[in-house]
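Model the full assembly from the supplied sequences, consistent with the hints where possible.
Protein chains in written order, with the working numbering: chain W, 1 to 311; chain C, 1 to 287.
No lab work stands behind these hints: they were computed from the structure. Glycine included, every Cβ here is placed at the ideal spot set by N, Cα and C. Mixed in with the good hints there might be a few duds.
Capping the alpha-carbon separation at 27 angstroms, the derived lysine-lysine pairs in DSS-like fashion look like this [claimed, not checked]: (1) C:Lys70 x C:Lys230; (2) W:Lys81 x W:Lys252; (3) W:Lys252 x W:Lys56; (4) W:Lys252 x C:Lys230; (5) W:Lys81 x W:Lys56; (6) C:Lys70 x W:Lys56.
Computed from the model, here is a short list of chain C residues facing chain W with C-beta under 7 angstroms [unchecked claim]: (7) Leu32; (8) Ala102; (9) Val105; (10) Leu109; (11) Thr130; (12) Ile131; (13) Leu134; (14) Val161; (15) Thr240; (16) Pro264; (17) Ile267; (18) Tyr269; (19) Phe271; (20) Gln275; (21) Ala284.
Computed footprint of chain W on chain C; a stretch qualifies when at least three of its residues, placed anywhere within it, have a C-beta under 8 angstroms from a C-beta of chain W [stated by the list, open to error]: (22) 35-47; (23) 93-101; (24) 149-158; (25) 180-193; (26) 201-210.
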Amino acid sequence: MEKAIGSRKENLRGLSQRALLALNVVLFLFPAFTLFMAFVVYPVFQSLYYSMFDWKGFGPAVDFVGLGNYQRILTDRAFMKALGNALLIVLLSLGVQLPLSLAMALMVGRNLPGRTFFRTILFMPYVFSEVITAIMWMGLYNPDPDRGLLNALLVTFGLKPQAWLGDPNQVIGCIFVVLSWKYFGFHMLLYIAGLQNIPQEIEEAALIDGATRRQLITYITLPLLWGTIRTSIYLSVLGALQQFGIIWVMTKGGPVNASDVMATYMYRYSFVRFQLGYGSAVALVMLLISLLFSVAYLRLIRQQDYLSGRY
Amino acid sequence: MKALNLFRQDRKTLYKVVPRILQYMFLSVMVLLILVPIVILIFGSLKTRGEMYSRPYISPIPPYWDNYTKILSSHSFWVFLFNSIIVTLTVTVAVLFICGLAAFVFARLNFRGRDVLFNILTLGLMFPITIAILPVYLFVRQLGLTNSLLGVIIVQTAFQVSGNVMIMRNFFASIPFELQDAAYIDGCTPFTFFRLILLPLARPALSAVAALTMVVSWNDLLVPLVLIDKEELWTLPLGTMQFQGQYGTDLALVAAFVTLSAIPAVIFYLFAERQLIAGLTAGALKE
Chain W
1 MEKAIGSRKE NLRGLSQRAL LALNVVLFLF PAFTLFMAFV VYPVFQSLYY SMFDWKGFGP
61 AVDFVGLGNY QRILTDRAFM KALGNALLIV LLSLGVQLPL SLAMALMVGR NLPGRTFFRT
121 ILFMPYVFSE VITAIMWMGL YNPDPDRGLL NALLVTFGLK PQAWLGDPNQ VIGCIFVVLS
181 WKYFGFHMLL YIAGLQNIPQ EIEEAALIDG ATRRQLITYI TLPLLWGTIR TSIYLSVLGA
241 LQQFGIIWVM TKGGPVNASD VMATYMYRYS FVRFQLGYGS AVALVMLLIS LLFSVAYLRL
301 IRQQDYLSGR Y
Chain C
1 MKALNLFRQD RKTLYKVVPR ILQYMFLSVM VLLILVPIVI LIFGSLKTRG EMYSRPYISP
61 IPPYWDNYTK ILSSHSFWVF LFNSIIVTLT VTVAVLFICG LAAFVFARLN FRGRDVLFNI
121 LTLGLMFPIT IAILPVYLFV RQLGLTNSLL GVIIVQTAFQ VSGNVMIMRN FFASIPFELQ
181 DAAYIDGCTP FTFFRLILLP LARPALSAVA ALTMVVSWND LLVPLVLIDK EELWTLPLGT
241 MQFQGQYGTD LALVAAFVTL SAIPAVIFYL FAERQLIAGL TAGALKE
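What follows is the structure, encoded as structure tokens:
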């Protein structure tokens, strides 16, 4: 009898505790989920709707065009150019920027005297806003040798001054230099952090066994750093696909679309020409491309881990 | 024999010293490449308009301070600065509060559906603001929050939720569970445990998240650019861009404006470099 009462009390207590827990969960998650659902998720679905209309942004959208906007994107050469530029920046980042960051990280390493100084300086551009970075470099790229440092240097060495940002063939290269200037320090930092997670004993053991420095890096350091490298590849590709600020400030996608990327293209159609239905479709295509990349990349990595027995 | 030994030793130190020297040389070149654009900008900002056109990349001796006084005595620079401070501080406090609460739930409480909810929230990492900006603009316009700092604050906060919940959850999860059990036995509710025990312990993680949020919010151009037309509501990056558009021909004046608008970021960086790096690496290397 007494026992029964006790367990009933316990049950009641358990119940009220469960209710308290549920209340806590709901209250604590409420702000984050409200913001997230309302401002991140909902707008995307709304865009899906608008993307099927020819809509200037005022009044209700009535001019239904179905998948017409998407068809228009795929046949627009300016969009293809923007996509191509984005892919070019991706390739350059993977081929030039990341290896450079990795080399710098290996050099700054773990115990180079003065490493804090080098790290501080090399990472500094990351904290400048894209606007500041862009304007700073526009000065250097000024085509007039009396105003722009780069052409002044060329002229000093007896070479012909270049148009830089004004030349459709050079503009992407110029922008890539600026992007690297600003962001290579970030990747270097990731690699430095990754290096710090590699136990030094392993490298010491390899050295005792007679490994050269080059062998040490190719057979020990790089494989152990692979987790960090693939993260940095992932971030670098996503970052390149979303590039906007620096290009918008420096060239607005010009001259004649030569430096357009998907985001500047989308911005122009949405906020300069106010074709909001079409802009929505472009945004969703961008989203789709990023999602496809994310899913494919993560799957690839998982497969690789599985094959190498790491998963 | 002895001589040979000495020679060997010399060679050994040579093998050690030469790569070091090359290493320093290469690093110094990189440092130079990073610093040159910054130095040129500062040089330019200390010149008259005429000097800027005739010899823009030579040191500005004697310095010409009028560009700075002109900007600092203008109303708009201070307005932009003030707007930026308001936005950044509010966003940072909101992110810490909102993400802290959610991260606590995900790291510390057991309930059905927890992992599903967490996965939904982390899906947000796939919706970066650059891609979502048009949908978000349309929604904010429906709410009537364009042309207000509140709109900028809400949007910036919303897009910081996913990443920071993830960082903070990982950190909260690393705090020993015995501590929580002990606190509950002593009669703590989950919320008092959170407030009195977890938050003070999590201070390094909170400052890392704060530093990261501040930099992202402070430097953001896109959200204010899209949401705000009124000049008196521009933030510093937006104001800087518009200033460049307006006074683009007066390169020295623009250089001074850009330098001034970079100063807060540099000061912040020198003081919070460690926290910023901790936040960035925690955010990127979460696994």
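Structure-based check of each hint:
A C-alpha spacing of about 22 angstroms is found between C:Lys70 and C:Lys230, which places the hinted pair at or below 27 angstroms, so the restraint holds. Note on W:Lys81 and W:Lys252: the hinted pairing holds, with a Cα-Cα distance of about 14 angstroms set against a maximum of 27 angstroms. Simply put, W:Lys252 and W:Lys56 have alpha-carbon atoms about 22 angstroms apart, close enough for the 27 angstroms limit, and the pair holds. For the suggested pair W:Lys252 and C:Lys230, the alpha carbons sit about 21 angstroms apart, so the restraint of at most 27 angstroms is met.
Straight-line distance between C-alpha atoms of W:Lys81 and W:Lys56 comes to about 24 angstroms, which keeps the hinted pair within the 27 angstroms bound. Straight-line distance between C-alpha atoms of C:Lys70 and W:Lys56 comes to about 41 angstroms, which puts the hinted pair past the 27 angstroms bound. Taking 7 angstroms as the C-beta cut-off, the interface hint given for C:Leu32 is violated, the closest approach to chain W being about 10 angstroms. Taken as an interface hint, C:Ala102 checks out: its beta carbon lies about 4 angstroms from the nearest beta carbon of chain W, inside 7 angstroms.
Hint status for C:Val105: holds, given a least beta-carbon distance of 4 angstroms to chain W, under 7 angstroms. Taken as an interface hint, C:Leu109 checks out: its beta carbon lies about 6 angstroms from the nearest beta carbon of chain W, inside 7 angstroms. Interface hint status for C:Thr130: upheld, as the beta-carbon distance to the closest one in chain W is roughly 4 angstroms, under 7 angstroms. Taking 7 angstroms as the C-beta cut-off, the interface hint given for C:Ile131 holds, the closest approach to chain W being about 5 angstroms.
For C:Leu134, the interface hint holds, the least distance from its beta-carbon to any beta-carbon of chain W being 5 angstroms, beneath 7 angstroms. Because the beta carbon of C:Val161 sits about 5 angstroms from the nearest beta carbon in chain W, less than 7 angstroms, this interface hint is met. The interface hint given for C:Thr240 holds, since its Cβ lies 5 angstroms from the closest Cβ of chain W, which is under the 7 angstroms cut-off. This hint is violated: C:Pro264 has a C-beta 10 angstroms from the nearest C-beta of chain W, more than the 7 angstroms allowed.
With a least beta-carbon distance of about 10 angstroms to chain W, the hint placing C:Ile267 at the interface is violated under the 7 angstroms criterion. At a threshold of 7 angstroms, the smallest CB-CB gap from C:Tyr269 to chain W is about 4 angstroms, leaving the interface hint in force. With its C-beta approaching chain W no nearer than about 11 angstroms, C:Phe271 sits outside the 7 angstroms limit, and its interface hint is violated. Because the beta carbon of C:Gln275 sits about 12 angstroms from the nearest beta carbon in chain W, more than 7 angstroms, this interface hint is broken.
Taken as an interface hint, C:Ala284 checks out: its beta carbon lies about 5 angstroms from the nearest beta carbon of chain W, inside 7 angstroms. Here the stretch 35-47 of chain C counts 7 residues with a CB under 8 angstroms from a CB of chain W, which clears the bar of 3, and the coverage holds. Taking a C-beta to C-beta cut-off of 8 angstroms, the stretch 93-101 of chain C contributes 4 residues in contact with chain W, enough for the three needed, and the coverage statement holds. For the stretch 149-158 of chain C, the assignment as covered by chain W holds, since 4 residues bring a beta-carbon within under 8 angstroms of that chain's beta-carbons and 3 suffice.
Check result for the stretch 180-193 of chain C against chain W: holds, 3 residues qualifying (beta carbon to beta carbon below 8 angstroms, three or more required). Check on the stretch 201-210 of chain C: 0 of its residues sit with their Cβ under 8 angstroms from a Cβ of chain W, so the three-residue criterion for coverage is violated.
Hint violations for this structure: numbers 6, 7, 16, 17, 19, 20 and 26, all remaining hints satisfied.
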